[in-house]
Every structure is written in structure tokens, then in C-alpha cells.
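K.L.:
Note that the protein sequences, when read in sequence, are chains Y and L. FYI, in my numbering the residues of the first sequence are 27 to 124. FYI, in my numbering the residues of the second sequence are 25 to 169.
Derived from the structure by calculation, the hints contain no laboratory data. Where a beta carbon is used, it is the ideal one built from N, C-alpha and C, also for glycine. Some clues are possibly wrong.
Quick look at which bits of chain Y chain L covers, simulated, 3 or more residues with Cβ under 8 angstroms [said to hold, decoys possible]:
1. 32 to 46
2. 54 to 64
3. 82 to 91
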Amino acid sequence: MDRPLEILAVCGVGMGSSLMLKMTAEDALRALGVEARVENTDISSARGMTPDVIIGQGMHTSEIEDLAPVVITVSDFLDKDGLEVQLRERLTEKGWLR
Amino acid sequence: MTVIAVRDTVPAADWREAVLNTAAVLVEAGAAGAAYPEACVRVVEENGPYIVLSKGLALVHARPEEGGLAVGVAAVRLSTPVEFGHPDNDPVDLLLAFCTPDPDAHVGTLSTLARALMGGLADRLRAAPDTGALRAALKEALPDA
Numbered sequence: 027m028d029r030p031l032e033i034l035a036v037c038g039v040g041m042g043s044s045l046m047l048k049m050t051a052e053d054a055l056r057a058l059g060v061e062a063r064v065e066n067t068d069i070s071s072a073r074g075m076t077p078d079v080i081i082g083q084g085m086h087t088s089e090i091e092d093l094a095p096v097v098i099t100v101s102d103f104l105d106k107d108g109l110e111v112q113l114r115e116r117l118t119e120k121g122w123l124r
Numbered sequence: 025m026t027v028i029a030v031r032d033t034v035p036a037a038d039w040r041e042a043v044l045n046t047a048a049v050l051v052e053a054g055a056a057g058a059a060y061p062e063a064c065v066r067v068v069e070e071n072g073p074y075i076v077l078s079k080g081l082a083l084v085h086a087r088p089e090e091g092g093l094a095v096g097v098a099a100v101r102l103s104t105p106v107e108f109g110h111p112d113n114d115p116v117d118l119l120l121a122f123c124t125p126d127p128d129a130h131v132g133t134l135s136t137l138a139r140a141l142m143g144g145l146a147d148r149l150r151a152a153p154d155t156g157a158l159r160a161a162l163k164e165a166l167p168d169a
């Protein structure tokens with residue numbers, strides 16, 4: 027991909043948990059050397075967006091599975107290493123990670 | 025400037041009481057209005073137990089218009105852990121609550137808190153031997169408090 031990836035961290039209110047997830051995702055993406063713009067929002071606002079990747083808890087990602095080409099479910103928002111593993115696998119599948 | 029407050033060995037019969045009692049610490053500290061704790065419960069009722077964002081740790085919060093008066097962070101250790109119904113992260117023994125007067129004022133504080141949590145803050149809060157040490161651990165993580 028020849029532009030930064032657009033990544034959306036989602037949660038219920040879109041202010042706290044998703045902000046923490048955004049920080050974790052930024053760290054994981056930096057470790058992978060992926061250029062990306064990460065935003066955080068609530069699940070309702072997410073429905074109007076068209077990101078490349080959505081990250082959230084299963085109770086939310088299950089509602090928006092069709093919204094992005096890559097939807098990643100995480101249960102621990104602070105687990106940078108776990109998210110890095112998932113991102114590496116899913117972005118490689120799409121050819122977005124070289 | 026971030027308002028911080030802590031409470032140790034807080035009793036809670038269930039997740040609702042845990043959320044109410046944690047958000048009440050922000051009310052007592054003057055950082056949130058009286059309606060804020062109930063709003064924090066509604067967030068979980070309406071959106072699920074996603075606020076349990078890591079093993080044993082919940083981030084209690086609601087929208088600023090529900091009574092955020094200042095940027096505040098509270099840390100509460102429960103006397104007995106409670107179940108939120110989270111598929112992976114139950115039971116919860118440690119709760120952090122935050123409030124903010126508008127949708128942006130908290131971003132710096134929350135980002136700092138996230139960094140600290142990634143760096144092991146939750147375990148330092150759990151290991152604190154008393155309330156004073158609990159407060160000191162939170163204060164160390166939030167230098168502008």
C-alpha cells in the first residue's frame with residue numbers, strides 16, 4: 027500500500043478504552059515498521075467510517091465485521107506483543123506488510 | 025492538572041457496586057458530579073463489559089456531559105474481586121476511573137496512564153502495601169497530578 031494505513035480502535039464510548047487501545051496499536055505498528063494513522067472512536071460512529079483495519083473487543087467487532095477488510099479482535103487492550111502478532115499475520119495476508 | 029484519588033479494600037457485592045463505588049471516589053474528590061457513577065454503570069449496561077480492558081482491570085468512565093467537572097483519575101482495590109461477565113478478563117480486583125470536562129481534556133492524562141499501564145502500573149498498584157503507597161504509585165504514573 028502506498029499510503030499510510032487507516033486504523034480504527036473502537037470501544038463503547040470512544041474516549042477511554044479505545045484511546046488506550048490506540049496507544050497500544052501505535053506501539054505495535056511502530057515495532058512492525060508500518061506507516062499508519064490510528065484513530066479511536068465509539069462503535070456507532072465507526073459504522074460511518076471506512077478504515078483499512080478495525081481493532082476492538084469481540085463484543086464490538088462482531089457487530090462490524092463487514093466494515094473493514096481487516097477486523098482484529100483483542101481481549102487485552104494493553105497487550106502490545108499480542109496485538110503485534112495479530113497485526114503481522116493479518117497485514118501480511120493482505121500484502122500490506124513487507 | 026489532574027485530580028487523583030485512591031481507595032483501598034473497597035467492598036462491592038457485584039460489578040455494579042464496584043463501578044458505583046469507584047466512580048464515587050471521583051465525586052468525593054470534586055472531579056465529577058453526583059450523577060456520574062450511575063452514568064458509568066449505564067455505559068456497561070448499554071455497551072457490554074468492554075471496560076474490563078485487561079486481566080482483572082476495569083476502566084470506569086462515562087461521557088463528559090454526564091458530570092465530568094475536571095480531569096480526574098481514581099484507583100480502587102476491591103476487598104473481593106467481582107465478575108463483569110467479560111469472556112477473558114474476569115475477575116476484576118482493580119478499577120481505574122476517569123472523568124473529563126470535555127471530549128479532549130483527558131487525552132494527555134489517559135495517554136500517560138496507558139503508557140504507565142503498558143509499563144506494569146496495574147501490578148504496582150496491586151502490590152502497594154497500603155493506601156499511601158497506592159496513592160504514591162498512581163501519582164508517580166501521572167506527574168501532573
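K.L.:
State for each hint whether it applies.
P.N.:
Here's how the hints hold up against the structure:
| no. | hint | in the structure |
| --- | --- | --- |
| 1 | 32 to 46 | holds (count 8) |
| 2 | 54 to 64 | violated (count 0) |
| 3 | 82 to 91 | holds (count 5) |
Checked against the numbered hints listed earlier, the structure breaks hint 2 alone; every other hint is satisfied.
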